[in-house]
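There are 2 protein chains.
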Amino acid sequence: MKNTIVLFGLLLTSLLTYGQTLKSPNSEHELNFKLNEAGTPFYSLNYKGKEIIEESQLGLELVDDDTSLMNGFEIKEISDTIFDETWEPVWGEQSEIRNHYNELVITLEQPKEERHIIIRFRLFDEGLGFRYEFPQQKNLVYFVIKEEHTEFAMTGDHTAFWIPGDYDSQEYDYTISKLSEISGLFDDALTGNASQEQFAETGVQTSLMMKSKDGIYINLHEAALKEYSLMNLNLDESSLTFKSWLTPDAVGNKGYLQAPAVSPWRTVMVSDDATDILASNMTLNLNEPNALGDTSWIKPIKYMGVWWEMITGKSTWNYTDELPSVKLGETDYSKTIPNGKHAANTEHVKKYIDFASKHGFDALLVEGWNEGWEDWFGNSKDFVFDFVTPYPDFDVEEIHDYAKSKNIEMMMHHETSGAIRNYERHLDTAYQFMNKYGYTSVKSGYVGDIIPRGERHYGQWAINHYLYAVKKAADYKIMVNAHEAVRPTGLRRTYPNLIGNESARGTEFQAFGGSKPNHVTILPFTRLIGGPMDYTPGIFEMDISKLNPNNNSHVNATIANQLALYVTMYSPLQMAADLPEHYEQFMDAFQFIKDIAIDWDESHYLEAEPGEYITVARKAKDSSSWFLGNVNGTTPRKTKVDLDFLEKGKTYEATIYADAKDAHYKTNPQAYKISTKKVTSRSTLKLKSAAGGGFAMSIIEK
Amino acid sequence: MKNTIVLFGLLLTSLLTYGQTLKSPNSEHELNFKLNEAGTPFYSLNYKGKEIIEESQLGLELVDDDTSLMNGFEIKEISDTIFDETWEPVWGEQSEIRNHYNELVITLEQPKEERHIIIRFRLFDEGLGFRYEFPQQKNLVYFVIKEEHTEFAMTGDHTAFWIPGDYDSQEYDYTISKLSEISGLFDDALTGNASQEQFAETGVQTSLMMKSKDGIYINLHEAALKEYSLMNLNLDESSLTFKSWLTPDAVGNKGYLQAPAVSPWRTVMVSDDATDILASNMTLNLNEPNALGDTSWIKPIKYMGVWWEMITGKSTWNYTDELPSVKLGETDYSKTIPNGKHAANTEHVKKYIDFASKHGFDALLVEGWNEGWEDWFGNSKDFVFDFVTPYPDFDVEEIHDYAKSKNIEMMMHHETSGAIRNYERHLDTAYQFMNKYGYTSVKSGYVGDIIPRGERHYGQWAINHYLYAVKKAADYKIMVNAHEAVRPTGLRRTYPNLIGNESARGTEFQAFGGSKPNHVTILPFTRLIGGPMDYTPGIFEMDISKLNPNNNSHVNATIANQLALYVTMYSPLQMAADLPEHYEQFMDAFQFIKDIAIDWDESHYLEAEPGEYITVARKAKDSSSWFLGNVNGTTPRKTKVDLDFLEKGKTYEATIYADAKDAHYKTNPQAYKISTKKVTSRSTLKLKSAAGGGFAMSIIEK
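Top line first, the protein sequences correspond to chains A and B. Anchor point for the first sequence: position 103 equals 103 in the UniProt record's numbering, and the numbering is continuous, going up by one each time. Anchor point for the second sequence: position 142 equals 142 in the UniProt record's numbering, and the numbering is continuous, going up by one each time.
Be aware that one or more of the hints could be misleading.
As the list claims (entries may be wrong) - Some, not all, of what chain A presents toward chain B, calculated at C-beta under 10 angstroms:
| # | residue |
| --- | --- |
| 1 | K34 |
| 2 | W87 |
| 3 | K213 |
| 4 | G215 |
| 5 | N253 |
| 6 | R421 |
What the hints assert, rightly or not - The calculated label-pair distances, taken between Cβ atoms and stated as ranges, are:
| # | chain 1 | residue 1 | chain 2 | residue 2 | range |
| --- | --- | --- | --- | --- | --- |
| 7 | A | M587 | B | E133 | 58 to 64 angstroms |
| 8 | B | D173 | A | K138 | 22 to 28 angstroms |
| 9 | A | E114 | B | K673 | 56 to 62 angstroms |
| 10 | A | P392 | B | D84 | 40 to 46 angstroms |
| 11 | B | E37 | A | D332 | 55 to 61 angstroms |
| 12 | A | I82 | B | N550 | 52 to 58 angstroms |
| 13 | A | N139 | B | N339 | 16 to 22 angstroms |
| 14 | B | K138 | A | M587 | 47 to 53 angstroms |
| 15 | B | D273 | A | T331 | 19 to 25 angstroms |
| 16 | B | G378 | A | I82 | 39 to 45 angstroms |
Stated by the list, open to error - Negatives, chain A to chain B, calculated, CB over 10 angstroms:
| # | residue |
| --- | --- |
| 17 | E54 |
| 18 | Q137 |
| 19 | E653 |
| 20 | K661 |
| 21 | I674 |
| 22 | L685 |
Since the hints were made in silico from the structure, they are not lab data. Remember, it's a predicted structure, so these values are computed and weren't measured experimentally. Glycine included, C-beta positions come from ideal geometry on N, C-alpha and C.
Let's have the full structure, built from the sequences with the hints guiding it.
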């Protein structure tokens with residue numbers, strides 16, 4: 001790891017100064033901190049001289065504590081630091097990441113209660129991160145959070161790209177509106193989900209993307225969420241101030257802390273260039289370095305899956321339709337009538353293995369392989385799966401051997417149905433089973449309300465569990481891709497075996513009625529600020545009724561758009577989600593998926609506008625190859641791409657997968673054209689993207 | 001196993017009969033069942049021609065179900081059976097137990113909902129057991145209980161021996177009052193506890209002991225409580241009817257069931273002789289037979305403990321007083337200042353081992369051996385113990401080797417602080433640690449509110465956990481003695497490694513201010529109906545200020561009473577709880593504890609009156625020796641004991657440990673006299689018991 005660390009420590013002790021200032025390394029951001037006369041802490045943020053966050057309160061309200069950590073503070077100590085270091089992630093959008101910030105650490109004391117806390121501010125060139133710290137001390141040992149009172153006072157009625165605040169789900173389409181319009185549009189924004197719970201019609205989730213009428217982009221999120229509950233935001237409509245709203249547990253408390261402890265970082269990214277938001281590494285930089293030691297067993301994965309055919313309803317996860325319910329260990333499946341639609345059977349899986357192997361994939365996911373799917377959903381069932389007992393038609397060993405002979409790894413699936421205690425009871429044996437049969441990665445799921453009942457997906461209890469499962473997986477050298485878990489906040493720096501999460505509205509919703517065609521132009525500004533998303537793109541057959549006549553969903557994207565996602569929707573896990581027979585119809589387009597790299601030396605966000613378009617160029621790791629992608633919203637658009645990121649003096653061949661002239665996500669999604677072109681660093685390409693379309697490009701050195 | 005099974009099956013199908021009758025084998029009890037016109041089920045119970053339970057409703061109210069399982073029933077099928085079998089428990093009060101009942105099975109159908117349930121009644125010579133059954137069927141699959149509506153309509157304002165209804169604790173002194181007086185006395189009956197939650201001032205726990213003014217004894221309880229929540233009783237004062245009140249989970253639901261399922265048995269014992277209640281094996285007989293297979297590793301245990309000195313405050317569980325809190329794995333105890341009062345240190349433990357070994361004990365319990373005791377209590381701490389890391393002054397291996405050389409087994413201690421998830425996460429490694437260091441039994445504790453927060457000690461969630469821990473312990477051939485867990489209900493028949501529970505107000509409360517002197521004359525009628533209690537008797541020094549000047553508690557018992565408890569308070573685990581130095585002051589009395597058997601061929605309850613006295617005689621297993629015990633309440637009393645249970649023609653020597661003439665639990669508790677006497681089966685002994693006193697007797701064949 002190449003490190004360049006420059007540290008200057010300056011200690012300023014001032015009991016009489018109430019205003020503190022910090023600037024970013026490039027001086028464009030300025031943070032101001034103060035205490036008012038009641039000893040309440042406030043901060044504000046300027047960008048290029050303009051106020052972006054007006055004076056906003058900080059503090060925490062505690063249970064059974066009249067004063068709480070809200071006011072009565074005095075500044076006890078101040079220090080500031082400059083930090084500049086480069087580090088290498090195990091996998092990522094870049095092979096090197098610079099962590100460069102100016103830090104201000106303020107120790108606040110409550111003289112009456114004889115206790116103190118710390119607020120630590122870090123200003124990066126792209127924005128601010130800050131958190132609360134609770135040092136070990138006599139008068140602050142165990143405390144329970146009633147609510148955190150961190151505010152983000154907006155300076156105007158910005159445009160926001162938002163989903164409803166919720167304790168259990170992020171799987172909503174985005175709504176674009178003014179802040180003042182949120183409450184009025186809230187009910188329309190709510191779509192059904194297996195597990196969901198809102199708290200206010202002015203509540204929204206993070207990361208929250210906004211754009212001011214002056215064209216300033218603002219993003220609010222959190223980083224390093226662990227041992228704490230998730231922060232939603234509640235808008236105070238009268239003041240246009242967002243207030244932190246933590247996730248309660250079963251009895252309404254919002255966090256149990258034992259000092260020494262820290263809160264997650266609250267992040268505010270600001271730029272007049274939207275691509276700065278996408279390119280920011282702030283979330284990762286605010287997380288702790290790798291804690292796992294040896295990471296040689298962690299690798300990005302390109303995979304296919306016996307999955308989409310169940311999502312569309314063409315096949316089933318469950319083996320039989322005969323039983324109203326099952327009891328694991330008591331139900332004898334060999335005595336039931338198979339429904340004939342169970343996709344996870346040995347012969348069918350082998351066909352997928354053949355296809356995946358032939359086309360150079362790394363792994364195959366199979367869902368529905370294990371006993372318990374007949375009543376897994378919606379029953380609040382505790383002992384729902386044991387994660388080790390296959391159905392009668394799924395021969396684990398034979399499949400493993402066959403896959404191995406074809407150079408394919410099997411990807412495990414652990415659907416937990418939200419029954420966390422049950423999962424933890426089986427976790428060691430489940431991971432041992434994986435080791436025994438050569439599964440190196442697992443997709444886990446938490447569909448449905450959490451058990452213990454009353455807990456939420458985004459509460460401290462569940463958040464503790466998700467990390468517990470990841471850390472234990474590392475003991476077994478297993479990589480984890482957790483769906484329906486909490487959205488990531490950069491913990492993948494510390495635990496690089498956390499290679500994926502869903503935790504947002506993914507491709508499956510295209511088969512559940514469809515998602516908005518510009519959804520993929522918003523997600524990188526919202527969900528992906530915290531980390532990669534296993535979006536599972538690559539759908540070539542948009543008319544779902546062709547897979548299942550009872551499902552009239554339509555995938556609101558063109559094929560070119562689907563190819564572009566492998567570039568624009570960053571993930572070290574990339575799935576070619578469709579059925580082999582659909583790829584076989586379009587093998588020339590499929591070639592891009594076969595060629596796309598999944599780990600990167602460099603990433604350049606060329607242009608971006610949330611809700612409208614994103615264009616990204618990435619250089620494959622340890623390779624001279626580049627890949628480009630553009631995803632487009634609902635308005636057809638022309639774009640001009642300068643290839644000045646290519647290495648000077650080299651000649652490349654670009655293969656361009658673009659929308660055909662008359663392509664349209666709804667009426668003509670499968671129309672694309674492929675062309676090749678010689679390019680250099682001095683080339684400029686002009687391309688057109690259809691509504692819900694885009695383009696993808698592989699650029700190979702010649 | 002000697003079995004005598006006589007089965008007669010009679011099938012009576014009657015769609016038109018609404019009244020059904022069942023009699024006990026000795027015909028003294030009569031059960032009547034009927035449906036009223038609304039199809040609501042009722043039962044009533046007579047004893048020797050007198051009504052004991054007036055017409056009482058049955059049924060269950062379900063969440064999200066308008067009809068519930070309350071009315072609209074029709075009788076679909078009726079069958080009755082006679083059952084008579086003898087079986088042998090692995091350990092117990094008797095080497096053989098007869099299970100003899102008449103059974104009535106009624107299938108009730110709701111034609112409109114097209115679903116059915118079963119109510120199964122079993123009448124024994126000592127009373128009634130009945131339960132609900134939910135067979136597998138199409139229209140009853142998953143259901144959530146809002147409340148069970150089982151009623152027990154009393155025929156008069158009986159005297160009751162009760163403790164407040166509570167979701168988390170049974171550690172109350174008993175109150176003796178009329179039913180109508182309960183609500184008025186409720187607040188006085190409440191003493192503080194680390195975890196407690198009441199639901200109504202008319203709520204009481206089971207087993208509930210009562211005596212009618214006609215001198216009929218009535219006991220209400222439950223048997224085979226698993227996969228269900230605990231039943232308290234709520235008194236309807238206007239009708240003097242007790243109604244079942246289940247324990248809610250964090251969101252207020254009272255049970256999650258998946259058919260096929262059964263409720264626990266609700267039991268009603270009735271007799272005009274109080275000793276019949278104590279002698280009843282109904283609870284065990286209603287439980288499933290041994291499920292563990294080989295039980296050769298399960299043995300009763302006579303033990304001592306490094307425990308009482310901490311309970312009294314003479315020593316501490318924790319190692320240091322220096323830290324406000326600890327974080328396991330982060331806190332370096334070797335760098336802290338030991339408080340000099342940590343009893344669980346190697347040298348001190350060895351002294352106990354020496355004493356226990358010298359006097360023929362099986363095992364030594366040591367509490368406070370492991371890291372984490374500095375902040376274990378009252379902090380709702382999740383990762384509170386890891387169960388495998390000893391304090392710096394407790395050398396596990398050295399102590400194990402030393403104990404082994406002295407023929408003593410170490411008894412493990414797992415205090416969980418109610419943090420159930422934490423305990424389960426560590427359970428396998430904790431049990432493996434025990435196997436590694438030769439611990440064959442564990443005392444577990446659940447002091448403090450349950451985590452997950454919102455769950456209760458007596459809710460379905462925790463009840464599932466307690467059994468999970470016992471079953472997993474059996475996999476490791478470990479015996480479990482669970483304190484603060486749910487009170488037992490006979491599961492020890494199915495899982496004989498569950499050798500003990502506390503789950504009531506035990507001896508420790510004598511050091512927390514004292515318990516009522518007649519407490520031990522009530523417990524066998526209440527707490528022990530469900531199973532043995534690790535009461536940990538044998539205190540010889542009643543003035544606790546002699547151990548800890550800051551603790552003015554007084555043990556409200558005489559030494560003779562403490563000795564008697566080894567006979568009257570049945571348990572396969574028997575602790576000599578006091579400090580060795582106190583036994584050394586009274587070695588002649590201590591001899592009884594050394595001699596007492598802990599497993600029995602026969603048990604005879606000679607005389608008993610709840611709140612006043614109990615006298616029991618037991619024959620040691622595979623031995624001709626007998627042991628007697630009498631515990632007395634607050635009124636000095638004379639008793640006459642016929643020894644006609646002794647084997648005819650044999651001569652025995654009885655050693656009698658009795659209260660001295662002027663003994664009194666408060667003013668003169670240590671005054672006792674020991675005498676010996678030759679006795680035969682024709683002997684009668686006259687003895688006097690002091691207030692809070694008693695006598696103990698060993699009768700050895702000569």
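>> Against the range 16 to 22 angstroms, how does the distance between the Cβ atoms of A:N139 and B:N339 compare: consistent or not?
In response: About 21 angstroms separates the Cβ atoms of A:N139 and B:N339, which means 16 to 22 angstroms holds.
> Given a hinted range of 56 to 62 angstroms, is it respected by the beta-carbon distance of A:E114 and B:K673?
Replying inline: Because 60 angstroms falls inside the window, the suggested range holds.
> Does the claim that A:I674 lies outside the interface with chain B hold up, using a Cβ gap greater than 10 angstroms?
Replying inline: holds (52 angstroms)
>> Given a hint of 22 to 28 angstroms, does the C-beta separation of B:D173 and A:K138 actually sit inside it?
In response: Given range 22 to 28 angstroms: violated, Cβ gap about 37 angstroms.
>> Is the claim that A:E54 lies outside the interface with chain B correct, judged by CB distances over 10 angstroms?
In response: For A:E54, whose nearest Cβ neighbour in chain B is about 37 angstroms away, the distance exceeds 10 angstroms, so it holds.
> If you check the beta carbons of A:I82 and B:N550, does the distance land in 52 to 58 angstroms?
Replying inline: holds (55 angstroms)
> For A:L685, which was marked as not at the interface, is the minimum beta-carbon distance to chain B over 10 angstroms?
Replying inline: holds (55 angstroms)
> Measuring from the C-beta of A:K213 to each C-beta in chain B, is the shortest one below 10 angstroms?
Replying inline: At 44 angstroms from the nearest chain B Cβ, A:K213 fails the 10 angstroms test, so the hint is violated.
> With d taken as the least Cβ-Cβ distance between A:Q137 and chain B, does d exceed 10 angstroms?
Replying inline: violated (8 angstroms)
>> Minimum C-beta separation from A:K661 to chain B exceeding 10 angstroms: can you confirm that?
In response: holds (54 angstroms)
> Does the Cβ pair A:M587, B:E133 satisfy 58 to 64 angstroms?
Replying inline: Cβ of A:M587 to Cβ of B:E133: about 60 angstroms, so the range 58 to 64 angstroms holds.
>> For the restraint on A:R421, tell me whether the closest CB of chain B is nearer than 10 angstroms.
In response: holds (7 angstroms)
In the structure shown, a violation is registered for the earlier hints numbered 1, 2, 3, 4, 8, 11, 15, 18, in ascending order.
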